[in-house]
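Keeping the supplied structure of chain A fixed, place chain B upon it in accordance with the hints.
So you can see what is in the structure, the chains are spelled out below.
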Amino acid sequence: MKLTMASSPHNHSHKSLTRLMLSVIAACIPGLIAQVFFFGTGVLIQLVLALVAVSVFEAAIMLIRKRPVWPALSDGSAWLTAVLLALSIPPLAPWWIIVIGCLFSIVIVKQLYGGLGFNLFNPAMAAYVLLLVSFPVQMTAWLPVTDLINTPIGFADQLRLIFTDFTASGFSLDQVRAGVDGLTMATPLDTVKTDIAHGLTVTESMQKPIFNEWAGLGWAWVNLGFLAGGLYLLKAKIINWHIPVSFIVTLAVCSAIGYIASPGTEPGTLFHLLSGATMMGAFFIATDPVSAATTNKGRLIYGALIGLLIYLIRTFGGFPDAIAFSVLLINIAVPLIDYYTQPRTYGHGAVK
Amino acid sequence: MSELKTLYKEGVWVNNPALVQLLGLCPLLAVTSTVTNALGLGLATLLVLIGSNVTVSIVRNWVPKDIRIPVFVMIIAGFVTIVQLLMNAYTFGLYQSLGIFIPLIVTNCAIIGRAEAYASKNPVHLSAFDGLMMGLGFMAVLLVLGAMRELIGQGTLFDGADLLLGPWAQSLRIEVFNFDNQFLLAILPPGAFLGLGLLIAAKNVIDAQIKSKQVAPPEAEKGPRARVTSLT
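Respectively, the protein sequence lines represent chains A and B. Per the numbering used here, the first sequence starts with residue 924, numbered consecutively. Per the numbering used here, the second sequence starts with residue 177, numbered consecutively.
Next comes chain B alone, as it looks inside the complex:
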């Protein structure tokens, strides 16, 4: 139980793939211009991460150490192809708007990083849970960044959600502000870099506050320090 709790904490906060490990930044920065794109890519990455973690964990005892990286990459590429074909079949609009970034999930270092660092050394159920948590952590950052950029850039949320969720989702679109001019910087890549920087800063601030609220370990355990020089 405590292992699962650790995995949950590590994946979502302490060792978050996007905010702490800073892995997989290419898709993170490129596709988060709207919440819908972010959600689509986040789900795709999540599925690939769980699939590859489970498979790598199953085959971990038969793969020779020397060729493990090519094997992991092949497994990941297989899952990416599955996800890509699924998206092509069921969410064609989103498939087109994400474009090259779906096949590029293969090169997302967060996925091979988990395969190498966790799944190749741990049993199947834990690996699957690790994949789920890391995927959720990554998706959460994608969603927050996507929401920030969409809100500042064009004043809406969930614009084009029907591409991912079907026609009913058109009603999800929220128009928060109405600008005459889009704030282009937020939609363009520099806005993603600025936004990610602000998110990392916010995480550090929260961590620092949590740390400062924790009671400092009592000094008394060591016993009073013997002072050998007088103060005056």
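Isolated chain A (complex conformation):
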């Protein structure tokens, strides 16, 4: 009988990179379903477009770099980038928006820095910021939830809008976006921000049909969907609790303090937590293992800083939502955070 002697580590995780990435993509499904339900099947068209685009770009750049194509493609990281980007952009944005975004995220943000594991910045969010800065009109053309659209549009018309800018009956995106009162509608975060700037109080602003009792109509469910997916990721031990918890707690504390200090101009904690991309940011974007902090103490600081920045930009900044900007800004600080939060090695240094 021969006893083989295996070297340590003796217990290892069975999670391969591909499985990990595919699980994260799977965890996006509840949020995706909510988005499709409230904002139409345009999301799915964008998703398919993005998946095709990242596959093409990833394969092309691997050929240029003379590296094997299939291992890079099949690790699923590019597909995850595609899913996150497709979920972040307005569902009926023209097709070239998402293609430019995929090109930038894969070629410049990821592969020019050396590929997966070497990128300083979160590829999906860097591409989102590029698009938002370059094409503000297309990137803020969010549809109101389907219940509030005057003339609901079908799948074929959505396809036409994405590829030709017009529906079969000749309506442009702006006309389709016009809500029940004939005015185009922004996202709830944007509406509250604009109304406060115009001197309305939050309570007055929330009378509008775009809101329900929690946050924006539809947006609360999208956020709850991503929360459910995020809890699955925690349960499956794919992400650590540190980043989402410190992120959400900081945002909640800041918005609570703001609400207590100025209830007329602050929409409050629940609104901040359930609108925009808060939950998606907390569980899916800030937890990117490559661009996030790597020590546990560092992760707490990292999440907290992102939460703080989101509150500050949402409240005092020029943009309605701030997940992408905050994540990118704190990505820059990650090497510093990691440097100062190194855990004590066993046997070195004094125990305090």
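Hints were generated in silico from the structure; no laboratory data involved. Certain hints may be false.
Distance ranges between label pairs, derived from CB positions [stated by the list, open to error]:
#: 1; chain 1: A; residue 1: P991; chain 2: B; residue 2: W189; range: 51 to 57 Å
#: 2; chain 1: A; residue 1: T1063; chain 2: B; residue 2: L319; range: 31 to 37 Å
#: 3; chain 1: A; residue 1: T1063; chain 2: B; residue 2: I350; range: 42 to 48 Å
#: 4; chain 1: A; residue 1: F960; chain 2: B; residue 2: L364; range: 33 to 39 Å
#: 5; chain 1: A; residue 1: I1255; chain 2: B; residue 2: W189; range: 28 to 34 Å
#: 6; chain 1: A; residue 1: Q1265; chain 2: B; residue 2: G289; range: 35 to 41 Å
#: 7; chain 1: A; residue 1: V979; chain 2: B; residue 2: F353; range: 19 to 25 Å
#: 8; chain 1: A; residue 1: T1063; chain 2: B; residue 2: I382; range: 39 to 45 Å
#: 9; chain 1: B; residue 1: G289; chain 2: A; residue 2: V979; range: 29 to 35 Å
#: 10; chain 1: B; residue 1: N264; chain 2: A; residue 2: P991; range: 58 to 64 Å
Straight-line distance between alpha carbons at most 27 Å, and here's what the computed DSSO-like set of lysine-lysine pairs gives [claimed, not checked]:
#: 11; chain 1: B; residue 1: K379; chain 2: A; residue 2: K989
#: 12; chain 1: B; residue 1: K389; chain 2: B; residue 2: K379
#: 13; chain 1: B; residue 1: K185; chain 2: A; residue 2: K989
Here's a subset of chain B near chain A, in silico, CB distances under 7 Å, partners left out [unchecked claim]:
#: 14; residue: N357
#: 15; residue: F359
#: 16; residue: L361
We put the CB at the ideal spot given by N, CA and C, even for glycine.
Below, chain B alone, put in the same frame as chain A:
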């Protein structure tokens, strides 16, 4: 002759002020949103660089070492003022569109760098040629970056060239693509940083290829290496 050739190589490629020394990036990144702006600033910098190099070289033996930097800065500031007044007089539109970046040529480190590193130690004719080559190298990068950003940003080339060259230059404007939407990022400063990064990368790639094509110096000159351990 070989000194001139070295100066030419150094200025335009090997030691290019923008791509290798990374000096004078503030105007480089700020004004290269169109080819016309880039050409205007490039010419202004070129003139100042030649003028200051010549003057510094003339006075190099009378300037005490301890106060040379203030003296050089005064000379450069004098030339910048001349160029600024000339542009104000003859290319007013461009003068307005370049704005603060013309007086800021004074602080362009590439200029004081050449005054200190070359002109203060070399005779007048060589200094003038060095200024010309460094200026051309800088202007070439400005032009390429300006062309990249204008092409990607708004799909044209030489837009507004009449501001610099007179009314006949309106016909120089080329519309390469026609977009409904400007690609704002290329026109905004981040596009300049990305573009410069790509240019530096391209230069490094070309250098690496040139290096790999050069025949490696033959090993045989040293004689065969005596192997003291056997391979197997």
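Hint check:
The given range of 51 to 57 Å is broken by P991 (chain A) and W189 (chain B), whose C-beta atoms sit roughly 35 Å from each other. Our hint of 31 to 37 Å for T1063 (chain A) and L319 (chain B) holds, since their Cβ atoms are close to 35 Å apart. Distance hint check: the CB atoms of T1063 (chain A) and I350 (chain B) are about 32 Å apart, inconsistent with the given range 42 to 48 Å. For F960 (chain A) and L364 (chain B), the Cβ-Cβ distance of about 37 Å falls inside the hinted range of 33 to 39 Å, so the restraint holds.
Take I1255 (chain A) and W189 (chain B): their Cβ atoms lie about 33 Å apart, and the range 28 to 34 Å holds. One distance hint, 35 to 41 Å for the beta-carbon pair Q1265 (chain A) and G289 (chain B), holds here, with the actual separation near 40 Å. Roughly 22 Å separates the CB atoms of V979 (chain A) and F353 (chain B), a value that falls within the hinted 19 to 25 Å. Distance hint check for T1063 (chain A) and I382 (chain B): the Cβ-Cβ separation is about 41 Å, which falls inside the suggested range of 39 to 45 Å.
Separated by about 45 Å at the C-beta atoms, G289 (chain B) and V979 (chain A) break the suggested range of 29 to 35 Å. The hinted window of 58 to 64 Å between N264 (chain B) and P991 (chain A) holds, with their beta carbons roughly 60 Å apart. For the hint pairing K379 (chain B) with K989 (chain A), the CA-to-CA distance comes to about 20 Å; that is within 27 Å, so the pair holds. For the hint pairing K389 (chain B) with K379 (chain B), the CA-to-CA distance comes to about 15 Å; that is within 27 Å, so the pair holds.
Between the alpha carbons of K185 (chain B) and K989 (chain A) the distance comes to roughly 32 Å, so the proposed pair goes past 27 Å and is violated. Annotation: interface hint on N357 (chain B) holds; nearest CB of chain A at approximately 6 Å, less than 7 Å. The restraint placing F359 (chain B) at the interface with chain A holds, with a minimum CB-CB distance near 5 Å, inside the 7 Å limit. For the restraint placing L361 (chain B) at the interface with chain A, the shortest Cβ-Cβ distance is roughly 4 Å, inside the 7 Å limit, so the hint holds.
Violated hints for the displayed structure, listed by number in ascending order: 1, 3, 9 and 13.
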